[in-house]
Structure formats: C-alpha cells, structure tokens
Amino acid sequence: MIVFEDDLDQAVWKLLNTPEIQRLRRIKQLGVSEFIFPSATHTRFAHSIGVFHNARQLVRLFRREFDRGNIDGAYDPHRAKISVLAALLHDVGHGPFSHAFEEARKSIAGARSGGSGKINIRKHESFSAEIIKNRESEIPSILSEVNVSTEEVAELIEKDIPSDMYHAVVSSSFDADRLDYLQRDRYMTGVGAGAIDLPWLLDNVRVAQIDFADPGDDGSPAYNYSFCLSHKAREAGEDFLLARYRLFTNVYFHKATRGFEQLVAAFFRNVAVGAEAGQPIAGLDADDSLHRFFQNDGESLKNYLALDDAVVWNSIHAVARSGAGTAQAIARMLLARKRLYCLDIQNCFPDDPEMQRRLKHALDNQFKGTLNGTVFRDTAKLSIYGEIGGDDSRAQKRLMVQLANGRLKEITGFSNSVIAQSNTERLFERYYFVSESDYKSAKETVEKIEQH
Amino acid sequence: MTVSVPSLISAAGGEIVGKVRLQKLVYLLDQLGLQSDFSFSYYHYGPYSDQLAEAVEEDIIFRRVNAETRRRSDGVPFFIFTALTHDSVGFPPKIAAAIEAIQLRTATVLELAATIHWLAFVEKVDNWRQELIRRKGVKTEQGRAEDALQLLRELELAPT
Numbered sequence: 027m028i029v030f031e032d033d034l035d036q037a038v039w040k041l042l043n044t045p046e047i048q049r050l051r052r053i054k055q056l057g058v059s060e061f062i063f064p065s066a067t068h069t070r071f072a073h074s075i076g077v078f079h080n081a082r083q084l085v086r087l088f089r090r091e092f093d094r095g096n097i098d099g100a101y102d103p104h105r106a107k108i109s110v111l112a113a114l115l116h117d118v119g120h121g122p123f124s125h126a127f128e129e130a131r132k133s134i135a136g137a138r139s140g141g142s143g144k145i146n147i148r149k150h151e152s153f154s155a156e157i158i159k160n161r162e163s164e165i166p167s168i169l170s171e172v173n174v175s176t177e178e179v180a181e182l183i184e185k186d187i188p189s190d191m192y193h194a195v196v197s198s199s200f201d202a203d204r205l206d207y208l209q210r211d212r213y214m215t216g217v218g219a220g221a222i223d224l225p226w227l228l229d230n231v232r233v234a235q236i237d238f239a240d241p242g243d244d245g246s247p248a249y250n251y252s253f254c255l256s257h258k259a260r261e262a263g264e265d266f267l268l269a270r271y272r273l274f275t276n277v278y279f280h281k282a283t284r285g286f287e288q289l290v291a292a293f294f295r296n297v298a299v300g301a302e303a304g305q306p307i308a309g310l311d312a313d314d315s316l317h318r319f320f321q322n323d324g325e326s327l328k329n330y331l332a333l334d335d336a337v338v339w340n341s342i343h344a345v346a347r348s349g350a351g352t353a354q355a356i357a358r359m360l361l362a363r364k365r366l367y368c369l370d371i372q373n374c375f376p377d378d379p380e381m382q383r384r385l386k387h388a389l390d391n392q393f394k395g396t397l398n399g400t401v402f403r404d405t406a407k408l409s410i411y412g413e414i415g416g417d418d419s420r421a422q423k424r425l426m427v428q429l430a431n432g433r434l435k436e437i438t439g440f441s442n443s444v445i446a447q448s449n450t451e452r453l454f455e456r457y458y459f460v461s462e463s464d465y466k467s468a469k470e471t472v473e474k475i476e477q478h
Numbered sequence: 178m179t180v181s182v183p184s185l186i187s188a189a190g191g192e193i194v195g196k197v198r199l200q201k202l203v204y205l206l207d208q209l210g211l212q213s214d215f216s217f218s219y220y221h222y223g224p225y226s227d228q229l230a231e232a233v234e235e236d237i238i239f240r241r242v243n244a245e246t247r248r249r250s251d252g253v254p255f256f257i258f259t260a261l262t263h264d265s266v267g268f269p270p271k272i273a274a275a276i277e278a279i280q281l282r283t284a285t286v287l288e289l290a291a292t293i294h295w296l297a298f299v300e301k302v303d304n305w306r307q308e309l310i311r312r313k314g315v316k317t318e319q320g321r322a323e324d325a326l327q328l329l330r331e332l333e334l335a336p337t
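Protein chains in written order, with the numbering used here: chain C, 27 to 478; chain P, 178 to 337.
A few of these clues could be false.
Stated by the list, open to error - Far from chain C, some chain P residues (derived; all Cβ distances over 10 Å):
| id | residue |
| --- | --- |
| 1 | D207 |
| 2 | H263 |
| 3 | V266 |
| 4 | P269 |
| 5 | E277 |
| 6 | L326 |
| 7 | P336 |
What the hints assert, rightly or not - From the structure, some residues in chain P lie toward chain C, with a derived Cβ separation under 10 Å:
| id | residue |
| --- | --- |
| 8 | S216 |
| 9 | G252 |
| 10 | R312 |
Claimed, not checked - Lysine to aspartate or glutamate pairs mimicking EDC-like chemistry, simulated, CA-CA at most 20 Å apart:
| id | chain 1 | residue 1 | chain 2 | residue 2 |
| --- | --- | --- | --- | --- |
| 11 | C | K466 | C | E476 |
| 12 | C | K386 | P | E235 |
| 13 | P | K301 | C | E151 |
| 14 | C | K132 | P | E300 |
| 15 | C | K386 | P | D227 |
| 16 | C | K394 | P | D227 |
| 17 | C | K149 | C | E184 |
| 18 | P | K301 | C | D323 |
| 19 | P | K301 | C | E476 |
| 20 | C | K407 | P | E235 |
| 21 | C | K185 | P | E300 |
| 22 | C | K132 | P | E231 |
| 23 | C | K159 | P | E308 |
| 24 | C | K185 | P | D303 |
| 25 | C | K185 | P | E308 |
| 26 | C | K258 | P | E245 |
| 27 | C | K407 | P | E231 |
| 28 | C | K149 | P | E300 |
| 29 | C | K423 | P | E235 |
| 30 | C | K132 | P | D214 |
| 31 | C | K386 | P | E234 |
| 32 | C | K407 | P | E245 |
| 33 | C | K407 | P | D227 |
| 34 | C | K149 | P | E308 |
| 35 | C | K185 | P | E318 |
Hints in this document: simulated from the structure, not taken from any laboratory. Every residue, glycine too, gets a C-beta built ideally from N, C-alpha and C.
Throw the hints in and build the complete structure from the sequences for me.
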C-alpha cells in the first residue's frame with residue numbers, strides 16, 4: 027500500500043488527478059505484450075505511482091549516506107523533492123503503444139526527411155517536458171504549491187546525463203523507474219526468470235563520484251555523483267542486471283510481441299502516408315485523432331495528448347470495419363490476433379554470424395519492393411545493460427561496484443564475473459511476413475544459402 | 178555511395194578508439210561532404226546512425242575490421258577498431274584534413290561538437306549553447322565545450 031502523508035505527497039495526489047496523468051491509465055505499460063502474456067495489462071499510470079514510491083525510498087538513502095558521512099555536504103530537501111516529482115512525471119509524455127509508436131514515427135520521419143540523412147523526431151521525454159511546462163494544465167500550479175518550478179522538474183527528465191546525485195533517482199543504474207518495472211513487468215507477465223533481492227540491494231546502494239566521460243578518454247574524466255553498489259552486494263548486482271537481461275530476452279524481445287508491434291507500426295505508417303498527402307483514410311472520420319496527429323505540422327501537444335491506446339484501438343476498429351486495402355487487412359489481423367509469419371535470422375544459423383549476414387542480405391534483396399509494406403524487418407541489440415539504442419549504454423546506467431578500499435570498478439570488469447560475457451552485443455533480427463507464400467519463399471532462400 | 182569503414186580507420190591513423198568517436202567522426206565528415214549515405218538520429222550521446230553501427234558489425238564479422246575490448250582504469254569497457262583490409266581509397270584533401278583535426282580531440286569533445294551541430298542546424302535551437310549545457314551537463318566543463326566549438330570553427334561548421 028502506498029500512503030500519501032506530507033505536503034509533497036498531497037501534491038503528488040493532486041498531480042495524479044490531472045487529466046495528463048489520468049491519460050496514462052489508458053496506455054498499457056507493455057503495449058501489445060498482453061497478446062502473449064494475457065495478464066500483462068498493467069498501465070503506465072500504475073507504473074508511475076510505483077516509480078514515485080521507489081523515488082521516495084531512494085531519497086531516504088541520500089539522508090542515510092549523508093548521516094553516515096559517506097557524502098560531503100548536506101542533504102538538499104528541495105532537490106530531493108524535485109527528483110521525486112520528476113520520477114512521478116517521467117512517463118507523462120508516453121505515446122500509445124510505446125515502442126511501436128516511436129519506431130513508426132522514426133520511420134515516417136525518415137521517409138519525410140527527403141534523403142537528408144538526418145531523422146529528427148521528438149522523443150517521449152521531450153513531450154513529457156512540454157506537458158509539465160504547459161501553462162494550460164494544472165501541473166505548474168500544483169508544483170508551485172510545493173515551491174518547485176516546472177523547469178526544475180522538466181530538466182531532470184530531458185538531460186542526457188545526470189546533473190547531480192538527486193538526478194540519479196530518475197536516471198541511473200538504480201533509478202526508480204528500473205526498480206519498478208523489473209518487479210512489475212515480471213509479476214504481471216508471470217515469467218519465472220529475473221528475481222532480484224531488492225532489500226539487500228537498497229541496503230547496499232552507495233553514492234560516489236563516477237566518471238561520465240567516454241571510456242576511451244582515459245585521463246580526461248567528467249565526474250558527477252551517482253549511485254553505485256557496495257562490494258558486499260556484487261552478486262545481487264549481477265542478478266539485478268541479469269534479471270533485466272532476461273526480461274528483454276523473454277518478454278520485451280519475444281518474437282510474437284515484436285511481430286504485433288510491427289503490425290501496429292505498419293498501421294500507423296498507413297495512416298501517416300494518407301494524412302501527409304492530405305487524403306482521407308478509408309474508415310476514419312476527418313477529425314480522427316490519429317489522422318490529425320500524422321498530418322503535416324500535426325505533432326502539436328494538443329494532438330499528442332489526444333492519443334492513447336483506446337483512441338488507437340478505436341481507429342483500428344473503424345478501419346477494420348469500413349476501411350480498405352492494406353490498412354484494413356492489418357487492422358483485421360490485429361483485432362483477430364492473427365500473427366505474422368516469422369523468420370528468425372539467428373535461429374536459422376545459430377552462432378554463425380557470417381551465414382546470418384548472408385541470409386539478411388539475400389532477404390533484403392528478395393523483398394526490397396515489399397519491405398515495410400507486407401514484409402517487415404525487426405532488429406534489436408541487447409547487452410547486459412539492456413537494449414542498445416545509441417552508441418553505447420548510457421554512462422549513468424553502468425553499474426559500478428565500490429570496493430573495500432573505496433575505489434570503483436564496473437561490475438562486468440571483474441575477472442571472475444559471471445555476467446561479463448553478456449556485456450557483448452546480442453543481435454535479434456527477425457523478418458515478418460503477412461503472406462504465407464512470402465514466408466515459404468524466404469524459407470527456400472534459407473535452404474539455398476545453407477546448400478552453398 | 179556507402180563509405181568504407183576500414184578506409185576511414187586507415188585514414189584516421191590505423192585505429193579509432195571507441196564507438197562514440199567513430200560515430201561522431203562520420204557525422205562530422207558527412208557535413209563536410211563525405212556522403213556516407215548513413216542516416217543519423219539524436220540519441221543520448223548525440224547524433225548516431227544505426228546503419229553505420231550495422232556496417233561496422235558486418236565489417237567485424239567478415240574480418241575487415243577488428244574490434245578489441247579494452248577497459249578504462251575503473252573497468253568500464255570500450256572498443257578499439259583497427260582495419261584488417263587496406264583499401265586504397267583516397268579522401269579529398271578537405272576530408273583528410275578534417276580527420277586529422279578530429280583525431281586530435283577526445284571522444285567527449287567530438288560528442289559535444291556533433292551535438293552542437295545537430296542542435297543548431299537540425300533541431301534549429303536558437304540558444305544552442307544553453308541547450309548543450311542543459312543536455313550534456315558536466316561533460317561541457319573543463320573547456321570541453323569551447324574545444325568542441327573551436328573544432329567546428331576549424332571545420333567551418335560552427336553555428337553563429
């Protein structure tokens with residue numbers, strides 16, 4: 027049970043009742059994962075409350091560390107308050123169907139970029155910041171009741187690297203977000219793998235100065251305070267990272283889930299193509315929220331806030347009922363939970379990267395006319411620090427262990443680490459097919475490559 | 178034309194230290210007319226191309242590039258990329274000179290330089306200096322932001 031007690035908690039209670047946060051009740055935390063894990067119907071709203079609860083616990087750790095003399099200076103209750111509020115609000119800008127929506131927007135932006143080589147989309151963190159600062163909402167006035175400015179909260183959500191130790195509550199190896207979803211997603215999906223020893227971890231979380239510079243820049247450090255882990259909890263830390271890794275392999279990267287995400291993304295793309303051309307979408311009203319958002323210059327805050335899972339499902343229903351062509355076929359597949367045919371590159375040639383590359387090139391060439399139409403390619407990379415979406419794992423997400431002599435060591439850097447191997451990148455590449463004939467044709471290509 | 182990563186590594190003196198350095202090198206060279214054909218998007222280390230990352234992985238698999246893992250003094254891992262094939266691709270003098278200037282900087286400075294360029298010219302942020310500090314925080318300290326801007330001036334890519 028989460029109890030709301032002091033002034034800060036009362037502000038949180040008011041924030042929970044704003045339309046912007048209530049919207050998160052209509053966005054599922056794991057998007058289409060419930061098609062595979064039927065009980066995974068939990069929402070971004072429940073997750074946000076959990077993150078707030080964890081943030082309250084984490085700022086108490088700061089008090090403990092100051093009291094023990096492990097950190098120089100004094101506890102800053104104002105910065106602590108900001109981090110708790112930022113934790114609550116961190117997902118307020120999430121779009122519908124999370125991953126699928128951002129991926130679709132990226133591919134739509136790529137198509138609209140005119141070959142400039144630069145794909146610029148606003149990420150959900152940017153929408154979160156704008157929602158928090160929006161003077162038309164109640165959020166700024168509620169924050170001001172506890173003497174916190176919207177800028178102070180938005181900054182913590184948008185920054186690429188932490189500004190101080192209080193920022194670590196929102197973004198670090200032990201941030202409040204991660205501590206919630208590791209437990210919530212495991213519980214709600216029902217997967218057995220991925221248990222963590224949370225009380226032991228929290229008892230052994232420490233604060234230390236960590237080098238955020240690129241690791242190739244040895245000798246030119248950029249220090250800032252963040253969380254690390256006492257050496258006594260090194261094994262619990264390995265389990266913690268492995269738990270996350272298993273959630274990715276077993277849940278987030280599940281091949282059927284990723285296939286449904288491809289279908290949802292294809293539905294978004296179909297609506298976007300028509301909207302950009304200024305054409306009506308068969309089955310959708312002229313003022314359909316999704317259609318409006320994908321029009322040129324349609325990415326306004328008002329249009330974004332009008333979207334949630336329920337709105338998108340309504341559009342899917344409408345297109346399935348009265349639409350036409352590919353969009354209608356996709357909508358009907360989603361409503362009937364009809365899976366795409368899947369060819370997993372890594373499963374075709376296990377542990378043989380050369381053959382995997384040859385197959386990928388052959389399939390790209392074979393289906394270049396239908397890729398993103400009726401054939402979809404999904405690529406994801408995973409390391410022990412989670413999905414790799416960018417140059418490297420974020421510096422603040424690295425798990426540093428504080429040795430008995432006070433020095434820090436990255437957790438996979440121990441010679442006897444049981445998770446060091448997982449620090450290398452693991453690829454997940456799948457091709458998805460609407461038609462069985464395309465799938466069979468792809469299987470023939472696998473056989474041909476095998477024979478050569 | 179997709180640029181050959183081994184030829185870039187050779188032109189950079191035979192090795193490139195770290196993924197961030199490799200990514201920002203190609204991004205900055207593209208602004209000077211390299212025409213790598215890779216698409217970039219903004220991630221937490223600045224402009225990044227997953228197509229370039231995929232090309233590097235493929236070069237490693239087919240032994241055109243070697244990626245050796247090293248660790249910083251605190252155990253944080255990073256890669257050193259070396260070319261195993263030696264293309265005789267000659268880059269135009271402007272690109273070759275830029276590679277030389279870029280290789281003199283740390284990867285963190287390159288991250289800042291590429292981010293400044295992205296903020297000013299792609300996101301078109303008016304106050305890109307303030308936005309850089311807001312996003313990159315401690316990385317902009319100790320003269321690194323100034324060094325990044327100086328690099329952009331040398332490359333004639335600096336915003337006004």
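For each hint, the structure was consulted:
1. Against the 10 Å criterion, D207 (chain P) falls within the reach of chain C, whose nearest CB is about 6 Å from its own CB.
2. Residue-level check passed: H263 (chain P) sits 21 Å from the nearest beta carbon of chain C, beyond 10 Å.
3. Its beta-carbon lying about 20 Å from the closest one in chain C, V266 (chain P) satisfies the requirement of being farther than 10 Å from that chain.
4. No beta-carbon of chain C is positioned within 10 Å of the beta-carbon of P269 (chain P); the least distance is around 18 Å.
5. Here E277 (chain P) stays apart from chain C, with its beta-carbon at least about 18 Å from theirs, past the 10 Å limit.
6. At the 10 Å boundary, the C-beta of L326 (chain P) stays outside the reach of chain C, the nearest C-beta of that chain being 17 Å off.
7. With 10 Å as the threshold on Cβ separation, the claim that P336 (chain P) sits away from chain C holds: the shortest Cβ distance comes to roughly 15 Å.
8. For S216 (chain P), the shortest C-beta to C-beta distance to chain C is roughly 5 Å, which falls under 10 Å, so the interface hint holds.
9. Here the hint on G252 (chain P) is kept, as its CB sits about 3 Å from the closest CB of chain C, short of 10 Å.
10. Given hint, R312 (chain P) at the interface with chain C, holds; its Cβ is 5 Å from that chain's nearest Cβ, closer than 10 Å.
11. The hinted pair formed by K466 (chain C) and E476 (chain C) meets the criterion: a straight-line CA distance of about 15 Å does not exceed 20 Å.
12. Straight-line distance between C-alpha atoms of K386 (chain C) and E235 (chain P) comes to about 11 Å, which keeps the hinted pair within the 20 Å bound.
13. For the suggested pair K301 (chain P) and E151 (chain C), the alpha carbons sit about 18 Å apart, so the restraint of at most 20 Å is met.
14. A hinted pair counts as satisfied when its Cα atoms are at most 20 Å apart, and K132 (chain C) with E300 (chain P) qualifies at roughly 15 Å.
15. For the given pair, K386 (chain C) sits about 16 Å from D227 (chain P) by alpha-carbon distance, which is consistent with the 20 Å threshold.
16. With a CA separation close to 19 Å, the supplied pair K394 (chain C) and D227 (chain P) stays within the 20 Å bound.
17. For the proposed pair K149 (chain C) and E184 (chain C), the alpha carbon gap of about 10 Å is at most 20 Å, so the pair holds.
18. Restraint check for K301 (chain P) and D323 (chain C): satisfied, since their Cα atoms lie roughly 16 Å apart, inside the 20 Å limit.
19. Straight-line distance between C-alpha atoms of K301 (chain P) and E476 (chain C) comes to about 50 Å, which puts the hinted pair past the 20 Å bound.
20. Taken as a hint, the K407 (chain C) and E235 (chain P) pair is honoured in the structure, with Cα atoms around 14 Å apart against an allowance of 20 Å.
21. Straight-line distance between C-alpha atoms of K185 (chain C) and E300 (chain P) comes to about 16 Å, which keeps the hinted pair within the 20 Å bound.
22. A threshold of 20 Å between alpha carbons decides the hint, and for K132 (chain C) with E231 (chain P) the separation of about 17 Å falls inside it, so the pair holds.
23. Simply put, K159 (chain C) and E308 (chain P) have alpha-carbon atoms about 16 Å apart, close enough for the 20 Å limit, and the pair holds.
24. Taking the CA atoms of K185 (chain C) and D303 (chain P), the gap is about 18 Å. The hint holds against a cut of 20 Å.
25. A C-alpha spacing of about 10 Å is found between K185 (chain C) and E308 (chain P), which places the hinted pair at or below 20 Å, so the restraint holds.
26. Annotation: proposed proximity of K258 (chain C) to E245 (chain P) is violated, straight-line Cα distance about 31 Å (limit 20 Å).
27. Distance check on the hinted pair: K407 (chain C) and E231 (chain P) sit about 10 Å apart at the alpha-carbon level, within 20 Å; holds.
28. Of the supplied pair hints, the one linking K149 (chain C) and E300 (chain P) holds, its CA atoms being roughly 12 Å apart against a limit of 20 Å.
29. A C-alpha spacing of about 27 Å is found between K423 (chain C) and E235 (chain P), which places the hinted pair above 20 Å, so the restraint is violated.
30. With a C-alpha separation of about 17 Å, the suggested pairing of K132 (chain C) with D214 (chain P) holds against the 20 Å cut-off.
31. A hinted pair counts as satisfied when its Cα atoms are at most 20 Å apart, and K386 (chain C) with E234 (chain P) qualifies at roughly 13 Å.
32. A C-alpha spacing of about 19 Å is found between K407 (chain C) and E245 (chain P), which places the hinted pair at or below 20 Å, so the restraint holds.
33. Restraint check for K407 (chain C) and D227 (chain P): the C-alpha separation of about 10 Å stays at or below 20 Å, so the hint holds.
34. A distance of roughly 16 Å separates the Cα atoms of K149 (chain C) and E308 (chain P); the hinted pair therefore holds under the 20 Å criterion.
35. A threshold of 20 Å between alpha carbons decides the hint, and for K185 (chain C) with E318 (chain P) the separation of about 15 Å falls inside it, so the pair holds.
Checked against the numbered hints given earlier, the structure breaks hints 1, 19, 26 and 29 and satisfies all the rest.
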